[in-house]
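One line per chain: the protein sequences are A and B, in this order. Position 32, counted from 1, in the first sequence is what the numbering used here calls 32; the numbers after and before it change by one each time, with no gaps. If you want the numbering used here, it's the position in the second sequence, counting the first as 1, plus 1000.
Don't read these hints as lab results, they were simulated from the structure. Keep in mind that this is a model prediction, so the values were computed, not measured. Hints should not be assumed to be uniformly reliable.
[As the list claims (entries may be wrong)] With a cut-off of at most 20 Å between alpha-carbon atoms, the simulated PhoX-like pairs for lysine-lysine come out as follows:
id: 1; chain 1: B; residue 1: K1182; chain 2: A; residue 2: K57
id: 2; chain 1: A; residue 1: K5; chain 2: B; residue 2: K1097
id: 3; chain 1: B; residue 1: K1182; chain 2: A; residue 2: K42
id: 4; chain 1: B; residue 1: K1048; chain 2: B; residue 2: K1064
id: 5; chain 1: A; residue 1: K49; chain 2: B; residue 2: K1048
id: 6; chain 1: B; residue 1: K1046; chain 2: B; residue 2: K1073
id: 7; chain 1: A; residue 1: K57; chain 2: B; residue 2: K1064
id: 8; chain 1: A; residue 1: K5; chain 2: A; residue 2: K57
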Amino acid sequence: MLDCKQNTELLSQSLERPITLRERMAMRMHLMMCRGCRNFEKQLAFIHKAARELPRKL
Amino acid sequence: MSAAINLDVLNEHRSYLVRYAILQLRDPHLAEDAVQETLVAAIESKSKFSAQSSLRTWLVGILKHKILDVLRKRSREPQLNVPDGEDESELVDALFKENGHWADPPQTWADPEQSMENTHFWEIFEQCNQHMPINTARVFMMREFMDMTTEEICQELAISTTNCWVLLHRARLSLRECLDLKWFGNAR
């Protein structure tokens, strides 16, 4: 069972490498039960998008 | 080739390029140098510019190489490559309890997409980048801002892939905290 700390690490790594099916299932299980991590997941996607937008905003 | 590339035309892009370089190098002098070299290189190789791409995109492409040159040189000079004053793992430790659960679980952000239209948001975003420990920020900017792959970053900085992931994760956690505190108003 993933805890929040491990789950956030995996969410972050999913931007860097292919995530295995097992990892994906574990994340999904955790996210179903954890509102904080669901918020984190959305915010991570936003930060990723915003950082890539930054060069156009200078 | 349509418009002629000369110093006047290039200088119109100078201030943008300097801001771009400062974000990555965090040092106005080094940034100025990198931009200067970029403009010289642009003049020297102007025949290689194809009007199909925008001049700015082409210049940024050259600048990225110059920035990497500076980073490479600096990593060979140990006195400049000082470790961060703070222990970067402290942030992560503070965010989670002993049992791995959030100390303070992230709350919903109101309309983040709308923030991207707001000039002040981008000032905060830049500030939050500056706020990160320098090694963490460097890896994050190489990845997201300069659009390098994890493999390229590892090779460039001679660090392991795992180390690279750890730094990227810390950067994202740090940015999230900072934006939460300074922009999305969830300071509690």
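If you check each hint against the structure, which ones fail? 5, 6, 8
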